[in-house]
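K.L.:
This is what each chain is made of:
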Amino acid sequence: MNDLVPSTSPRDMTWARRKQALARVWRELRHDRAGFVSLLVLLGFGLVALSAPLIADRSLLLAAAGRNNPDLASPSAQFLLGTDDIGRDVLAQLVWGSRVSLFIGIFATVVAVVIGSVVGLVAGYVKGKVATVLLAIDEFFLVVPFLPLAIVLAVILGRSPVTLAIVIGITSWAGSARLVRAQVLTLSERAYVERARALGAGTWQIIFRHVLPGVTPLIIANATLIVPGAILTESTLSFLGFGDRLSPSWGKLLDGAQSSGSITLNAWWYYLPPGLCIITVVLAFTLFGRALERIFDPRLAGR
Amino acid sequence: MSNRYVVKKIVGALLTLFAVVIFNFFLFRIVDRDPLTKYRGRSKLSLEQRETMIRRMGLSGSKWDQFVAYIKSTLQLDFGRSFDSTRPVLREITDRLPATLILVGVSTVLTICIGLYIGAKAGWARGSRFDRVSTSTTMVLYATPEFFFGMLLLAIVAGRTGWFPTGGLRDVGTNNGFVASLLDRAHHLVLPSLTLTLGYLGSYSLIMRTSMLDTLGEDYLTTARAKGLKESDVMTHHAVPNALLPSVSAIAISFGFVIGGAITTETVFSYPGLGLATADAIRNTDLPMLQALFLVASAAVIFFNLVADLTYGLLDPRIRHSI
Chain A
56 MNDLVPSTSP
66 RDMTWARRKQ
76 ALARVWRELR
86 HDRAGFVSLL
96 VLLGFGLVAL
106 SAPLIADRSL
116 LLAAAGRNNP
126 DLASPSAQFL
136 LGTDDIGRDV
146 LAQLVWGSRV
156 SLFIGIFATV
166 VAVVIGSVVG
176 LVAGYVKGKV
186 ATVLLAIDEF
196 FLVVPFLPLA
206 IVLAVILGRS
216 PVTLAIVIGI
226 TSWAGSARLV
236 RAQVLTLSER
246 AYVERARALG
256 AGTWQIIFRH
266 VLPGVTPLII
276 ANATLIVPGA
286 ILTESTLSFL
296 GFGDRLSPSW
306 GKLLDGAQSS
316 GSITLNAWWY
326 YLPPGLCIIT
336 VVLAFTLFGR
346 ALERIFDPRL
356 AGR
Chain B
0 MSNRYVVKKI
10 VGALLTLFAV
20 VIFNFFLFRI
30 VDRDPLTKYR
40 GRSKLSLEQR
50 ETMIRRMGLS
60 GSKWDQFVAY
70 IKSTLQLDFG
80 RSFDSTRPVL
90 REITDRLPAT
100 LILVGVSTVL
110 TICIGLYIGA
120 KAGWARGSRF
130 DRVSTSTTMV
140 LYATPEFFFG
150 MLLLAIVAGR
160 TGWFPTGGLR
170 DVGTNNGFVA
180 SLLDRAHHLV
190 LPSLTLTLGY
200 LGSYSLIMRT
210 SMLDTLGEDY
220 LTTARAKGLK
230 ESDVMTHHAV
240 PNALLPSVSA
250 IAISFGFVIG
260 GAITTETVFS
270 YPGLGLATAD
280 AIRNTDLPML
290 QALFLVASAA
300 VIFFNLVADL
310 TYGLLDPRIR
320 HSI
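These protein sequence lines are chains A and B, in that order.
Take any residue in the first sequence, note its place counting from 1, add 55, and you have its number in the working numbering.
Going by the working numbering, 147 is the number at position 148 of the second sequence; the sequence numbering is gapless.
Don't take each hint at face value.
As the list claims (entries may be wrong) - If you want a taste of the chain B side facing chain A, the calculated C-beta under 7 Å gives, among others:
no.	residue
1	15
2	143
3	144
4	146
5	255
6	258
7	282
8	289
9	293
Simulated from the structure, these hints should not be mistaken for laboratory data.
Owing to the predicted nature of the structure, the values given are computational and were not obtained by experimental measurement.
Glycine is no exception: its CB is placed at the ideal position from the N, C-alpha and C atoms.
For reference, chain A alone in the conformation it holds in the complex:
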């Protein structure tokens, strides 16, 4: 089937429509300066994270790697960002740290979005007792202060990067469940959903085939806005002692900088770069997410 002959099967029409929608998003994103620059920044960080093994050897992270180097040496041709308190190259840790920070941030978001979407979809579409219970659980996670909750969960479940990501995911889905539910409530009143129901579609079929596609843009924009929160939470948890010093995230580097007294020793090359990396990535994700929100929801334009 070529482009000149209009396709007639519903599947082809759907795909054509989706392609068009994607093209529209891309076009609008290119004209949104803050959103587009943020996307480029994020791609840059992603590239560094993926090519970390090419930039710095992993063995540079080992405690033994710094044995023959001066401790807390200021930046030089050999160590572009100086060394830490046990003589390890700060730049190597920063590059590998981008991997840990981005991985945990994104993985935690996936966990949060999956829980939030499922809870939101079900609570929005299925009424009655199930919805009441789900909303009560949602309310609980909204009210309970999330950092203390994350701390308690991390202490009990374990301190590995994967557990940290799951813990952060568990503590940050409540808001998106609310959002998805509200959207589902308006969608399920639409004629096309009622038509599907009249034709005999089951609950799950309606949720996944008819309602989910309608809330997907919202879920994507919302996910982009969960990532920065997750990265901040990860850095906070690492700063408080979770995580691994031999495979440090940016937050863990700040923890090392703080506990080694690099601040009073004026070792700015140790604490400044990881902090600036966190700010840049979090800001970029926030601006990119807001740009997506504006594109998907024209009511927000001009904010």
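Using the hints, position chain B against chain A.
P.N.:
Chain B alone, transformed into the frame defined by chain A:
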């Protein structure tokens, strides 16, 4: 405000608190078979001492017996003893509570006042220079972990100039009268509270700005202008009060984040409050302390949410006059 509204909100808050208490019970019993795995001195314990400790922690007997004992001791504010200091957890908490209350109190008041002011002004003059500058600044503030602010302040203000102390609650060995010691404490409070304020200013002002934008197109503003009111009066008497309303509940939810911020801020400045106690409890895996600290933090946020709900009831005529 009808009594029913008040009672409903109070009952709701109590139920949430009860849910936290139950959650706490199960949380600390799901993973570890041996409750003393995390106790550092456990290898030196005799079998008898182990059993006494486990019984004292309320971890002996059937799950139901444990639950009843746990609820009983929680109601009596008995949280057992800290693994680290071996003092009663309640004593540890009451000793450190005042320092945190002052820090969080001062920062919350500052954050709300400054944040709401900036947000209202920016939203009112959308697209103006003030809006663009303040919104981009608050976005950066929002993206910065508050402990990084603390580290920067330590490096710039405390380290270089020595104008402010680098940590602690007060200078050791100063004992020259009430006023002097009060000033000394205030001196120690400046940087931590500035850190916490900067850390959460961004989210408060963004909330207020959005809520201000929502009121801009409303008819009552047109009416107010048509009555010939000055633009500044339209803003302060008609736009701001209506924008404050939705902000109140959003701010109550953000308060949970401020509690989190206190944990890292106190860590950076070695400020001996509940936040530093939490950080210490993490490093020592001090489960009894963590359990109680989590309960205290949750209770604080639930209480703050209740206050916000009741304030909302007072502010919103639709609820105030409902029967």
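K.L.:
Hint by hint, say whether it matches the structure.
P.N.:
Here's how the hints hold up against the structure:
no.: 1; hint: 15; in the structure: holds (6 Å)
no.: 2; hint: 143; in the structure: holds (5 Å)
no.: 3; hint: 144; in the structure: holds (5 Å)
no.: 4; hint: 146; in the structure: holds (6 Å)
no.: 5; hint: 255; in the structure: holds (4 Å)
no.: 6; hint: 258; in the structure: holds (5 Å)
no.: 7; hint: 282; in the structure: holds (5 Å)
no.: 8; hint: 289; in the structure: holds (6 Å)
no.: 9; hint: 293; in the structure: holds (5 Å)
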